[in-house]
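Visitor: Residues per chain are reported as follows:
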Amino acid sequence: MDTRSLALVSAILIVGILLFTPGRTPAADDAEVTGSVDLGVRWVNEVGESAKFQEYRDLSDGTYGSVLLEGYKDAYHLELFGRNIGLDDQDYTVQGGQYGKFKYLFNYDETPHNYSFDAQTFFSGVGNDNLTFSGTTPPPVADWSSFDYYLERKKYGGEIEVSMGTPFYVRIGASRLDQDGRKPFSSGGFSGTAEMPEPVDYRTDDLNLTAGYRSRALNVAVSGMLSTFENDNLHVSWKNPFNAASELNTLPPENEYKELKGELTWKQLPLTSVFSIEGSYSKITSDFSIGDLTLTAPAGLNSSNFDGEVSYSGFSTALASRPTHNLDTKLYYTYLDKDNDSDVIAYDSGGGVIESNASDLFSYTKNKAGIDLGYRLPFRTKADIGYEYLNMERTNRPDAETTTDNLGFIQVKNSFLDFLIAKVRYEHLNRNNETDFDFAGVTNVDAEYIERFIQRFDVTDKDKDEIKVCLEVYPVDFLDFGLEYSYAKNDYDDVTLGRTEDTRHKFYVDFLWHQIRNFTVSGFGGYEKCKAESDHYNFAAGSGTPPQTADPTIDDGNPSSYHWDQDIDDNFWTYGLSGQLRLMEDVLRLVVSWEYQKSNGESTFSTQGTTALSDIEDFDDYRKKRLEAKAIYAFTRQLEFTLGYVYEKYTYDDRQYEGYIYDPAGSYLTGAYTDHDYEASICYLMARYDF
Amino acid sequence: MNPGLSTRLALSVWFLVIVLSSGGPGLFSAREASAVGAEEDCGVCHEEIVASFDKTFHGRIWRGTGQHHDCQACHGDTAEHVQDPSTQNVLTYSRREGSPAHELSMKCLDCHGSDPERTMWEMSLHRSNDISCFNCHTVHASRSTVAQPAACFECHRAKKTEANKQSHHPIIETKIKCTDCHNPHGTLSHGMITADNVNHLCYQCHAEKRGPFIWEHPPVEESCVKCHTPHGSRHSKLLVEKVPNLCQDCHDWSRHPGTPYDAQTGFAGSRPSNRFFGRSCLNCHGAIHGSAHFENHRFTR
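Here the protein sequences come in this chain order: C and L.
For the first sequence, this note's numbering begins at 1 and goes up steadily by one.
For the second sequence, this note's numbering begins at 1001 and goes up steadily by one.
Since the hints were derived computationally from the structure, they do not count as laboratory data.
Honestly, I wouldn't trust all of these hints.
[Said to hold, decoys possible] Here are the in silico distance ranges between beta carbons for each label pair: (1) C:Gly100 - L:Glu1048: 48 to 58 Å; (2) L:Ala1141 - C:Asp118: 41 to 51 Å; (3) C:Lys489 - L:Glu1048: 50 to 60 Å; (4) L:Ser1086 - C:Gly100: 51 to 61 Å; (5) L:Gln1083 - C:Leu327: 27 to 37 Å; (6) C:Arg380 - L:Arg1298: 50 to 60 Å; (7) C:Thr365 - L:Ser1270: 42 to 52 Å.
[Said to hold, decoys possible] Cβ-to-Cβ under 7 Å is the rule here; a few derived chain C residues that face chain L: (8) Asp74; (9) Thr111; (10) Lys183; (11) Ser187; (12) Ser316; (13) Ile345; (14) Asp458; (15) Gly498; (16) Phe572.
[What the hints assert, rightly or not] In silico DSS-like links for lysine-lysine, alpha-carbon gap of 30 Å or less: (17) C:Lys154 - L:Lys1107; (18) C:Lys413 - L:Lys1107; (19) L:Lys1175 - C:Lys155; (20) L:Lys1226 - C:Lys154; (21) C:Lys531 - L:Lys1159; (22) L:Lys1209 - L:Lys1159; (23) L:Lys1177 - C:Lys625; (24) L:Lys1177 - L:Lys1055; (25) C:Lys154 - L:Lys1237; (26) C:Lys649 - L:Lys1107; (27) L:Lys1237 - C:Lys506; (28) L:Lys1237 - C:Lys625; (29) L:Lys1175 - C:Lys261; (30) C:Lys423 - L:Lys1177; (31) C:Lys489 - L:Lys1237.
Think of the CB as a built atom: it goes at the ideal place given N, C-alpha and C, for glycine as much as any other residue.
Work out the full structure: start from the sequences and follow the hints.
Guide: Below is the structure:
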């Protein structure tokens, strides 16, 4: 008997023991116990051996099953749930308690994340922090060895809340998350780049404690959290395949997170108001030395230790009222301050030039305030209007020292007709960005001169318009129909270099039709179209004759510096249909479903350079199909059998992966993310017993 | 990748111990007869609902705790309804001909309003959009759970579409629930997320991204959603745009950041470039979320 079957049998035995132990038989009016046991067997035939097929799931051949057990006795309740027992994606939950007195929850969850199977490398030591090879140059690809990129995630923990029938409660929870595996990472420089497996061996421990008071008029709570992150590999050493030099990359540093939070909600106030306020303070710290990372100290290093400390202070409040039967109001304010108080590291990068992270430690302060008003008009119409102000002040962001957002919206919703709910919403956002560059001494043959012409899409001036329309229609008892359309346009004002505009159309529709007693059909469809335009400038500041400049607004006379722009057009379609036919009432059902997705992207260029640019046709293109057909036969009211078949196919085309070579010029790759395509058939037979 | 036999056995033992030591002894001992009876008046017309109410989640709780609530507890005064069986003279939990959403929600909050998870209902986007408790919860169901993500996807069609795209968090695999990140009953945070800000929410599972790093990347430290769309994307790694274009939208600098990468820079092109093929910019800049290296290598070390 394999381990999976053993686990399945164990779980079923436990349920059996609980149900049929003498003196605890449900039939003896001992307690009310319900639940179900699912036990199945499946055969999987996959062409492609793709990690994408099993990205977050374990679909291996053999047995599988789940167990649910619920029990109720007086004020006690208990629920046990186990799923995919014995598989790599198994999870278990136990929860219960006594109503009004205490409750608890314990869980264990395994989630795989498969990135790529059968990757190739010349490095030895895969999975460790020392990747090397013999000799001075890597062997030919034919001699490389294979390995998998994957992550195993196991989380277990629990939470107990005790109130003992009083308004006061205490909640304590703890959890541990272990992550183990390898994920692709790359490093390199102007000599070339090497892709390799990064060892992952993380552990995150969380501890939460909350104490509070609750009543219909007042809720108060104070909570604290402590979280530690441990990484068994603080660095990875690797032998550079281009020069045989020993290199070292740092990996995520260990850290500690602490949070203290207080919150209060006061209800039953005048004008039917509810007032909430909460404040929090959290701090993330990480301390490590250059010795911990086994790094060689650069010349002039000011400190061999780094004490990292980032703190967040947050405050939020809101007042929601209903001064009249028809009017809803909400006022809110949020403050968030990030303070990076980490050590400044400085060293001599050569020739007495001091390199420092002083300008790479970022802090910000965010202030947000808003008001929402909703008014109920005749004919079951509700009109909402709102305004929000957001101001962000950043340090070390001369390109976005201050941004100010003004957001307004208006929304109308009507449900006057019994068969129709309609909603229309319009939203406008204006963002204003203030920069604070210091260009003293910088001329247009210096690379950094370009900064005054770059406007980054996440912070630059822009106007955004968004319209959304939703319809929910129930024209007759046997038909539900939903439709949703949204349009959004970002217009980035005054952009010289960067994204200049993007637009999005999204259209969705779904329905459920059950006119005939024994037949139900449902469907879903969606179409998304996103377009983005951007302007760019290619140059090498100061080089050539005449010298290339970092000023895209002038013609520097050197053909090597030139403008180019790019238009990206992404299209996405999806639809699904599902039908259920009851062949024999309460005995035999047939269910067939079909899902389809198609993603089609395109990138087009225009250039003022001397080399023509070729458009990219295969731009994250993919197709995904899924068919499932199953027959469900109820042998008795408690015992049910399902015989099913699933077909899945996924194909991916992208210019960055077409004609993939493991050792192209200037690179050594491993094949990460190349095993997208798969075609799989799954047959399964499952029995379900309800008790 | 299968865990060892010892892990399986330990799990089984753990399972058994929890069951027998917690609710078990109390649960499986003798019990009193049901304290809640069917309402005779309502049962005349709604026989099936009244007869099965004892098996519902609410019915079990009230019976178990010795509370007695009749149909009027949720449906309001039914005297007029008994005389005139219209949906307009009682609280009706239905999309068609149902009572106003806020009236239904207030009725539920009569009992559930003090629960810390629901204390900010009045602040929630669901409430302001006239979504009521029954839109997600089935009051007469035998279990109290809401089927996630299906229940959420009924209204959030864009999120349903995103979650089904090729790059996604394991939401449709039901390994992540909507309520792991959002509190549908309301919070003071944007998008009703369960943390003060987006980064703190992401850090709950991705603690390795917390830093603090010696070298920070500005958009990363400010908001994860500047580069990632959390529900799903047609681009790998849940990115909002494909690399290198996402990077080039901000990095238009001397030499390679400002170089156009077209179809000819792929493996099969006439000008293959390791700044485009494969993982593109990430072929060198592997520490893009922050670097702990003492020397500035532009996130390559």
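Visitor: Going through the numbered hints above, which ones does this structure break? Give me the numbers in ascending order.
Guide: Violated hints: 1, 4, 10, 17, 26; rest satisfied.
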